[in-house]
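J.: Sequence:
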Amino acid sequence: MKDVVLLEKSELTAGSTWHAAGLTTYYHPGINLKKVHYYSIKLYEKLEEETGQAVGFHQPGSIRIASTPVRVDELKYQMTRTHWHPTPQFLIGPEKVQELFPLLNMNKVLAGLYNPGDGHIDPYSLTMALAAGARMYGAQIYNPAPVTALTPTSDGNWDVQTPHGTVRANRIVNATGFWAREVGKMIGFEHPTIPVHHQYVVTATVPEVKALKTELPVIRDLEGSYYLRQERDGLLFGPYEKEEKMMLQDSWVRDGVPPGFGKELFESDLDRIMDHVEFAMEMVPVLKNADIINIVSGPITYTPDLLPMVGPHQGVHNYWTAIGFGYGVIHAGGMGKFLSDWIMTGEPPYDLIECDPNRYSKWTTVPYMCAKARESYGFNNVVGYPKEERFAGRPTSRVSGVYDLLKSKGSMGAHAGWEQPHWFYKSGDDVGYKPSFRRTNWFKPVGRECKLVMEKVGVIDLTPFGKFMVKGKDSIKLLDHLFANVMPKVNGCSSANLALLPVGLTNISHMLTPKGRVYAEVTITQLAPGEFLLITGSGSELHDLRWIEKEAAAGGYDVDITNVTEDIGVLGELGWELYIDQKNMAAVYQAIMEAGQNEGIDNFGTYAMNSLRLEKGFRGWGAEPADFIGKKALQEIKANGLKRKLAYLTMDTEDIDPEGNETIWHKGKVVGNTTSGAYSYTTQQSLAFGYLPVELATVGQKVEVELLGRKYSAMVVQEPLVLTEPTRTRLQKKAKSSHTGRLEHFSSNYWQSR
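Numbering (the UniProt record's numbering), first residue to last: 1 to 754.
None of these hints come from the bench; they were simulated from the model. Note that beta-carbon positions come from the ideal geometry of N, C-alpha and C, so glycine has one too. Check each hint, because a few of them may be wrong.
Restraint ranges, calculated between C-beta atoms of paired labels, are given here [said to hold, decoys possible]:
1) Ser408 / Ser713: 25 to 31 angstroms
2) Val70 / Ser713: 22 to 28 angstroms
3) Thr205 / Asp159: 20 to 26 angstroms
4) Met454 / Glu190: 43 to 49 angstroms
5) Asp159 / Pro529: 40 to 46 angstroms
6) Lys213 / Ser713: 44 to 50 angstroms
Computed list of lysine-lysine pairs in DSS-like fashion (alpha-carbon distance at most 27 angstroms, straight line) [said to hold, decoys possible]:
7) Lys473 / Lys456
8) Lys337 / Lys434
9) Lys616 / Lys632
10) Lys456 / Lys667
11) Lys583 / Lys362
12) Lys185 / Lys76
13) Lys616 / Lys733
14) Lys711 / Lys667
15) Lys711 / Lys96
16) Lys185 / Lys213
17) Lys550 / Lys185
18) Lys456 / Lys426
19) Lys387 / Lys471
20) Lys632 / Lys645
21) Lys645 / Lys702
22) Lys242 / Lys46
23) Lys616 / Lys337
24) Lys42 / Lys733
25) Lys362 / Lys407
26) Lys451 / Lys477
27) Lys387 / Lys96
Please work from the sequences and hints to get the whole structure.
T.: What follows is the structure, given as structure tokens:
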């Protein structure tokens with residue numbers, strides 16, 4: 001694609017880039033973002049050769065320092081999520097840590113997570129090399145060229161206005177750093193991005209550093225919450241203060257970014273980071289005698305959850321974002337590749353829904369954004385537990401009609417802004433949020449809830465589901481196009497005959513990409529002829545709605561699509577769901593609870609639901625589909641054969657259970673990864689789904705799953721281990737019918753013989 005134009009407000013690197021510390025690392029706790037980091041580093045390694053521009057790339061490696069037993073567990077937890085990636089990463093002991101970084105005080109060092117190939121790069125040189133490469137392949141860069149207005153055209157394009165004239169664009173990408181809110185406001189969006197003050201300190205020459213023969217690796221002292229690297233013959237270190245001490249530039253949210261701000265800095269404040277300076281001096285004693293020559297304090301853009309917002313935006317056509325980068329240097333190459341592939345092919349190259357810009361909506365208020373940005377900055381180096389919860393800014397406006405009745409009775413989790421019960425308290429329970437890498441205070445209560453659902457009556461709040469109404473003349477045509485499943489027919493009648501479609505029927509269908517990948521799983525119910533209720537996961541509400549709206553517009557379908565997520569509450573009970581107007585939800589809930597007292601009715605949460613889901617092996621596809629998106633790709637995949645398959649695993653564990661994304665081993669080699677996992681209270685063992693090579697995905701195959709550095713034996717079994725209640729009932733009726741039939745057959749033969 002040659003017709004690419006970059007409009008730069010002032011000059012390249014202005015904003016956050018020019019003063020960045022330039023750190024590069026393969027490491028990321030998220031599975032998908034590891035791919036972004038990996039691509040960035042591989043791109044930067046060859047950039048000078050490709051463009052002729054020096055980039056100042058240093059790759060001495062990096063070490064994350066663990067100085068407590070919990071931190072060691074954290075490193076082990078991350079290792080088991082990395083073995084099945086190409087990322088080079090190793091768990092090393094104190095001796096190796098000291099060998100790599102001889103200036104450390106080793107008194108507290110228990111272990112390190114070592115990534116060879118990590119390091120730092122000069123942000124200015126990197127930017128200039130990327131710009132040179134872009135021009136080399138046909139891109140045009142204009143500066144200074146501030147955007148003054150964005151106007152959508154009737155055919156889905158954009159008029160981008162600048163002081164020098166107007167550019168007509170097929171699509172626009174907002175990649176404007178801390179100007180992202182200003183640009184978003186031009187078309188009615190309030191993007192939840194806010195600048196934070198980040199400081200780092202640069203020292204003069206340190207004799208002990210100058211005497212070294214090789215460059216020191218970057219270290220990240222997790223307990224001290226800072227990074228430190230070599231800068232020429234001195235040192236550079238940058239801390240992340242706790243939320244009560246860090247600084248937000250919230251005036252820019254309120255009053256806008258000063259028009260001339262580009263390559264300016266904030267006033268430094270050494271007192272604010274002195275706690276971290278003292279930690280650094282204790283860990284690296286040569287800092288005590290080092291002279292400080294510079295303290296840099298500049299703006300870095302944060303989102304509420306610290307992850308960027310990358311992709312097409314719901315609510316307007318052909319508007320994309322690449323904003324909110326707290327780690328812009330290491331994300332730049334990989335995100336640029338991810339975004340350009342998506343634009344070129346029409347679908348993302350891999351799943352990165354955690355960075356989807358549509359994970360935020362009107363519930364993301366300015367006070368919420370500020371509270372979460374403070375929390376996220378302070379959380380940069382906190383222990384990354386599974387099932388992590390962060391509580392700043394909660395609750396939002398997204399609470400269900402039963403929230404006030406339930407909030408004091410259990411442990412709540414946040415899902416797309418909603419509050420939803422994870423598990424419920426009883427007398428004698430160890431209550432509250434107490435995260436761990438092993439089984440913790442919720443383990444037994446969740447077992448109690450699973451037993452409740454299996455033996456009595458359980459009620460769960462499922463309001464966070466995304467909910468859309470689709471109706472109109474072409475509603476069935478649109479849904480047949482979108483989903484790998486036809487809308488239900490009666491006696492083979494055409495789906496176009498709306499009068500013959502069974503109202504009230506529900507099925508589960510999948511939206512696929514053109515390459516046959518699953519984009520979303522949606523439950524579809526026909527409420528009236530041609531009127532459908534679509535239910536999707538809470539985390540993909542606007543992600544899925546954008547796709548549906550895009551396809552409806554592109555195909556010219558005569559439909560009306562409405563997001564009713566916040567209007568409808570959902571209660572789940574005994575395998576069925578009850579969709580209720582939010583205003584009536586509390587009254588309906590109380591009536592159900594009162595009516596079910598004799599049956600032992602009670603609440604259960606999402607942790608129990610996940611365990612029960614795994615026991616029953618819930619997943620599946622629909623019947624023979626129509627000509628839906630991705631059909632041709634699926635047919636090709638089927639013809640060529642699968643290379644790997646999703647397997648159902650039982651595991652022998654002790655006080656730990658799989659979560660998903662753990663490494664699967666066979667005969668000392670990495671062969672796959674888990675996708676989800678939990679403890680089965682019904683069968684008293686750990687369960688997991690995992691991808692394996694087809695030849696290893698047969699029932700009875702033994703493999704190993706790594707948890708916290710230890711390999712546990714696992715076996716592929718036939719799913720499910722626990723049947724759903726309708727299936728059990730159906731089998732019981734079938735068995736009874738078969739038994740009755742045998743008696744009748746015997747009786748008939750007996751009397752005939754008489």
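J.: It remains to establish, for every hint, whether it holds in the given structure.
T.: Now for the hints, and whether the structure bears them out:
Hint check: Ser408 to Ser713, Cβ distance near 42 angstroms, so the stated range 25 to 31 angstroms is violated. Hint check: Val70 to Ser713, Cβ distance near 26 angstroms, so the stated range 22 to 28 angstroms holds. Taking the beta carbon of each, Thr205 and Asp159 are about 54 angstroms apart, not inside 20 to 26 angstroms as hinted. Separation of Met454 from Glu190 is about 46 angstroms and conforms to the stated range, judged on CB atoms against 43 to 49 angstroms.
The beta-carbon spacing between Asp159 and Pro529, approximately 42 angstroms, falls within the hinted interval of 40 to 46 angstroms. Between Lys213 and Ser713 the CB atoms are about 46 angstroms apart, so this pair conforms to the stated range of 44 to 50 angstroms. For the given pair, Lys473 sits about 44 angstroms from Lys456 by alpha-carbon distance, which is inconsistent with the 27 angstroms threshold. A distance of roughly 39 angstroms separates the Cα atoms of Lys337 and Lys434; the hinted pair therefore is violated under the 27 angstroms criterion.
Restraint check for Lys616 and Lys632: not satisfied, since their Cα atoms lie roughly 31 angstroms apart, outside the 27 angstroms limit. Our distance criterion of 27 angstroms between C-alpha atoms is broken by Lys456 and Lys667, whose separation comes to about 44 angstroms. Annotation: proposed proximity of Lys583 to Lys362 holds, straight-line Cα distance about 20 angstroms (limit 27 angstroms). At roughly 44 angstroms between alpha-carbon atoms, Lys185 and Lys76 are farther apart than 27 angstroms, so this suggested pair is violated.
As the CA atoms of Lys616 and Lys733 are separated by approximately 20 angstroms, the hinted pair is consistent with the 27 angstroms bound. Annotation: proposed proximity of Lys711 to Lys667 holds, straight-line Cα distance about 11 angstroms (limit 27 angstroms). Of the supplied pair hints, the one linking Lys711 and Lys96 holds, its CA atoms being roughly 24 angstroms apart against a limit of 27 angstroms. About 52 angstroms separates the Cα atoms of Lys185 and Lys213, which puts this hinted pair outside 27 angstroms; it is violated.
Taking the CA atoms of Lys550 and Lys185, the gap is near 22 angstroms; set against the 27 angstroms cutoff, the hint holds. About 17 angstroms separates the Cα atoms of Lys456 and Lys426, which keeps this hinted pair within 27 angstroms; it holds. Pair hint Lys387 plus Lys471 does not hold up; C-alpha atoms about 38 angstroms apart against a cutoff of 27 angstroms. Under the criterion of a C-alpha separation no larger than 27 angstroms, the hint pairing Lys632 with Lys645 is consistent with the structure, at around 20 angstroms.
As the CA atoms of Lys645 and Lys702 are separated by approximately 15 angstroms, the hinted pair is consistent with the 27 angstroms bound. Of the pairs offered as hints, the one joining Lys242 and Lys46 is violated, with about 38 angstroms between alpha carbons and a cut-off of 27 angstroms exceeded. A C-alpha spacing of about 39 angstroms is found between Lys616 and Lys337, which places the hinted pair above 27 angstroms, so the restraint is violated. About 61 angstroms separates the Cα atoms of Lys42 and Lys733, which puts this hinted pair outside 27 angstroms; it is violated.
Only pairs whose Cα atoms come within 27 angstroms are accepted, and Lys362 paired with Lys407 is accepted, the gap being roughly 23 angstroms. For a cut-off of 27 angstroms, the pair hint linking Lys451 to Lys477 is broken: about 43 angstroms separates their Cα positions. For the given pair, Lys387 sits about 32 angstroms from Lys96 by alpha-carbon distance, which is inconsistent with the 27 angstroms threshold.
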